[in-house]
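Assemble the whole structure, with the sequences as input and the hints as a guide.
Just so you know, the protein sequences line up as chains D, A, Z and H, in that order.
Number 76 in our numbering belongs to position 76 of the first sequence; there are no gaps in the numbering.
Positions in the second sequence are counted from 1; adding 1000 to them yields our numbering.
Positions in the third sequence are counted from 1; adding 2000 to them yields our numbering.
Positions in the fourth sequence are counted from 1; adding 3000 to them yields our numbering.
For the record, the hints were derived by calculation from the structure and aren't laboratory data.
Hints are supplied without guarantee of correctness; some may be wrong.
Examples of chain D residues lying across from chain A (beta carbon under 10 Å, computed) [what the hints assert, rightly or not]:
no.	residue
1	4
2	7
3	34
4	38
5	42
6	46
7	49
8	50
9	51
10	55
11	58
12	67
13	69
Ranges between beta-carbon positions, derived for each pair [what the hints assert, rightly or not]:
no.	chain 1	residue 1	chain 2	residue 2	range
14	H	3103	Z	2530	29 to 35 Å
15	D	18	A	1202	44 to 50 Å
16	A	1136	Z	2466	31 to 37 Å
17	D	18	A	1136	52 to 58 Å
18	Z	2070	A	1032	29 to 35 Å
19	Z	2109	D	18	56 to 62 Å
In silico BS3-like cross-links for lysine-lysine, where the CA-CA straight-line distance does not exceed 30 Å [said to hold, decoys possible]:
no.	chain 1	residue 1	chain 2	residue 2
20	Z	2537	H	3095
21	H	3095	H	3106
22	Z	2298	Z	2156
23	H	3106	Z	2537
24	D	74	H	3106
25	Z	2156	Z	2516
26	Z	2516	H	3106
27	Z	2298	Z	2411
28	H	3106	Z	2298
29	H	3106	D	20
30	H	3095	Z	2534
31	Z	2298	Z	2469
Note that the Cβ used here is the ideal one computed from N, Cα and C, for glycine as well.
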Amino acid sequence: MIEFVIALACAGSAYALLSKDLLHGTIALSATSVLSALLFFMLRAPDVAITEAAVGAGVSTIIFVWAIRETDRKDGR
Amino acid sequence: MRRADIAGTLAGIVVAILSCAVVAPVLLPDVPWPEAARDLLAARGLGETGASNLVSAIYLGYRAFDTLGETIVLLAALAGAVSLIGAARDTPLHGEEAGVAADRGDYRGPADKRRRLHTEIMDSIAGKLAPIVLLFGAYVMLYGHSSPGGGFQGGVVIASGVIFIAIGRRSGGIGRIGPRLTVFGPRALSRMEASAFAAIVLLSFPVSISAFEGLRAGASAVGVSVPAVSYIVALNVSIGLKVGSGVALMCVMMLGGESE
Amino acid sequence: MSDVALALAPVFLPLAGAAMALVAKTLRGSGPAAAMEAAGAAVGLVLPWAALAVLLPRAAGGGVAFVVSGWDPAIGIALRFDGLAWLVDALGFAGAGAAYLYSRGAGPRGPLFTAIFLIQTSALAATASTADLFNLFVCLEVLGLSSYVLVASSGKPGAFLAAFSYLAISSAAMVFFLVGLFGFYRLTGSLSYEGISAALAALPDGGGTAASLSSACVAAAVAIRVAVMPVYGWLPDAHALAPHAVSAVLSGVLIKTPLFALGRLLEFLPAGPASMELLGAAGAVTALAAVLVALSQKDAKRLLAYHSISQIGYVVAAWGMGTRVGLQAAYLHALFHALFKGLLFLSVGTAADAAGGRNVYEVRGAGASLRRAGDRRSITVVAYAVGALSICALPPFNGYASKGFVGSLFKGEWRYWVLFAAGACTIASFLKLSMIFLPAKEAPKDARTAEAAPAGAEPPRMSVTASMKASMILLAGLCLATAAFAGRIMDFTGTMLGVGAGAPSKSLYAAPELAKAGFGACLGVALFFVAVSKPGKRAATLVRARPRSFAGLVLAFAVGLAALGARLVLFP
Amino acid sequence: MIARALVLCMFLIGIAGLVAKRNLVKKTFALAIMNSAVVLLFVLEGSSIGDEAPLLGGPGASFVDPVPQALMLTAIVVGVCVSALALALAYRLYKAYGTLDVDELKRLSGHE
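The following block contains the structure:
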């Protein structure tokens, strides 16, 4: 089960790097964060899980979305 | 351009192989995880720090010096980001301080931004939701010593509450106090951040812990009992306020910005 | 106040100053805010000297080792305030104090800059005395984050790119640091250096491959900050495009503190001596290679930045010997370099600003421009001369003492000749840099007539203010003083580091040494003429046009890391 | 073992992306991925010695190791700080040069 979740996180991060649309990448990345938070909860690390959910899925997504909105949404031309 | 892409991919693969060669032997072998620190903490953590959440006991007790460093990293990064964003906003005022710039650019032209990003409904819901979020944040911040959570996490939740207020303010949420409101405005936030940071530095000053112990002893002589955990609670609150105001300040700056 | 509390004062006083500056930012009214900010700077940069003065006897007598707030050493954070920490703190506060004084005149100004600057200074002090692996990580991150912000504070778009590359490469390296930390914690269950060392010694094979590779990860991650040869690529842009005051601190102080902190760690690791040896060899190569690149540069500050890499090469080479004498030589050169390179960045930066350009091949008559900008007594030019003569290691100046000391450690080795060649190239490239002070070709008026006829002269681009002059005078004075008392300083550092007698302070001025210095100078002059000739300029263009990319930088890091790992695993 | 190999894989995806991708936002993605891989690694391994969250007063017999968890709180925060600053820099670079491509930026900023 744990392996499966990590594999999903792995796939999510690979997708984030490969997608041409940065907004999709950001969504994949925050999904990865949510998965990690879930995993931390399963691994009995509730503090880390809360932090990861608040920071990884919350704050950093806001910052990424802001940056993409202010700049260019597409990677490459 | 294609050739550059191929070269980049090749370089990426080479770097990955080289780092794999170094990192894999560190990660992959099965080595039993050491248990000494865990056993020590289980036996003495609560008694020494007063926190039944052992992660908090380490984070704010045994290794509070690291936490201070972490707070400083956050301060430097957020202040740097805010001043970079603020300086781009009004370029003629280069070298302007972030807080001042933020005050000046106080939600310039929110109207067109709103149309693009937020609907009226979302704005008003955000405004109504904000008190609940703030309350939850305060809970996470105050009870970090006995349940999962703590100042940092609570601070982030509080920050999102403040952002909700900033959004909701536009349609008459609780943030609207005067025509030019100042509660949770950028200047108030940066003031709160500065004083919370001063409080953290003060609390983690090398003599503070012994001063605190002395205070406790004095208080119990008078008949007032101060629990040992109140030091951690105080640290949690100041970290929470610092993080909350810092993160909220940055996000408010980002929301207030308009792309050209 | 106890020794333990006092030993943390160099960390906490700048922090308190930073907090004051941040509070000043939120004050209304410019008068109280400025007063608060100045008070914060004084608390952060002046008061620590008092603490250092009080701590001197303890530091000289073996130092204080303690756990922050007196927690159990198995979990708490161990710190160690010894002679080395004292010396590194002194270096840091001297460099930072002078640079801050300069920034009051030349910018960047403002409470936020002051706060970040003080945070960086505090992190320098913390890095110097930490004896805990995770605390070292936090300290390096604070140092890093504050310096990215400071580099970007110049507001030039190029500086943003430099800051981004610096940020990306060192954050990636810090992830490797964490991997190394993971390796150590898993093997030993401890984070303090002493705990790690004791637990590794108890393991049957000293930790084996995993421990060696963990050491490699940590050492390589710190080497990025020090900018030794394969991983120096972020430095020239960052140091050249930062504000002058920040460049002075980054080059003078910031690249050395992590080195001494790493040395403190490597002392405790089985793989330590081998890593230091490899890094030291890389340092010697760096000293020569970087100065060759410096010789080819046309941007004045970039030339200085490459010189910083070259000079840190000397420091790393001496440090890599792993002995106390080596450490002493490394520290001495680091200290002198902090003084003269800080001075050079400030004076060249001022001159370039006044002259309105930084191209060594084009800018002429910088002295006259400076006089127009309000520097009537040519303080900047004199300061530059002191700095340049020091870095060129000409006999009475301080660079001669420290470079001679470093060189004397390697007598009869290949490194000796590499460092000698690097010295000659240094002289050549500073002759080239000095060309900006040559009188302008078509300028008919000398300085006095230019002053007399201000109507014809273009308006000055900037003005050299009193605090800029004061800071340059301070650094130049320190350079000359350390040159005059070089022998004393050698003895003093020897006592602080527990070397005892044996420093070659007397033999430095023996006839063969002086003859060697003279020979080096002649070689340098000859090289200078080669470098400014037609073919020399063409070669310089080729060197400048070599491909430099971010991907290459990460690749260099990976190669360096793999090489270090291979060295530690295959030849234990 | 498999879990660790997968984490290693995630780490390598991160570092390869850092080199291969030229877009600054993608590079920031890569840094975030590397960071979360290491955080995963610490928590994963630290949890191998117990079966109870490190909160005193629970019913369980043995806790997981709280030390790596406390360390990783710091690492997560540092990671997001790096992202924030990197993106602020990328934003300024985009404002100045109109592109996020690192090679293009290098060319436009004209430093040899």
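Can residue 42/D be said to touch chain A, with a Cβ gap under 10 Å?
violated (14 Å)
Checking hints one by one. Is residue 67/D an interface residue toward chain A, by the C-beta closer than 10 Å rule?
holds (9 Å)
Can you tell me whether the CB distance of residue 2070/Z to residue 1032/A sits inside 29 to 35 Å?
Holds: the Cβ-Cβ distance is about 31 Å, inside 29 to 35 Å.
If you draw a straight line from the CA of residue 3106/H to the CA of residue 20/D, is it 30 Å or shorter?
holds (22 Å)
Are residue 38/D and chain A close enough, Cβ to Cβ, to be under 10 Å, as the hint says?
Result: violated, 14 Å to nearest chain A Cβ.
State, for the Cβ atoms of residue 3103/H and residue 2530/Z, whether the hinted interval 29 to 35 Å holds or is violated.
holds (34 Å)
Taking only the CA atoms, is the gap from residue 3095/H to residue 3106/H under or equal to 30 Å?
holds (15 Å)
Against chain A, with CB atoms and a cut of 10 Å, does the hint on residue 7/D hold up?
Result: violated, 16 Å to nearest chain A Cβ.
Mind checking the alpha carbons of residue 3106/H and residue 2298/Z for me, to see if they're no more than 30 Å apart?
holds (18 Å)
Was the hint right that residue 46/D lines chain A, CB cutoff 10 Å?
Interface hint status for residue 46/D: holds (4 Å vs cutoff 10 Å).
Mind checking the alpha carbons of residue 2298/Z and residue 2156/Z for me, to see if they're no more than 30 Å apart?
With Cα atoms ~19 Å apart, residue 2298/Z and residue 2156/Z stay inside 30 Å; holds.
Is the hint on residue 55/D kept, meaning its closest Cβ partner in chain A is under 10 Å away?
holds (6 Å)
Checked against the numbered hints listed earlier, the structure breaks hints 1, 2, 3, 4, 5, 16, 17, 19, 20, 25, 26, 27 and 30; every other hint is satisfied.
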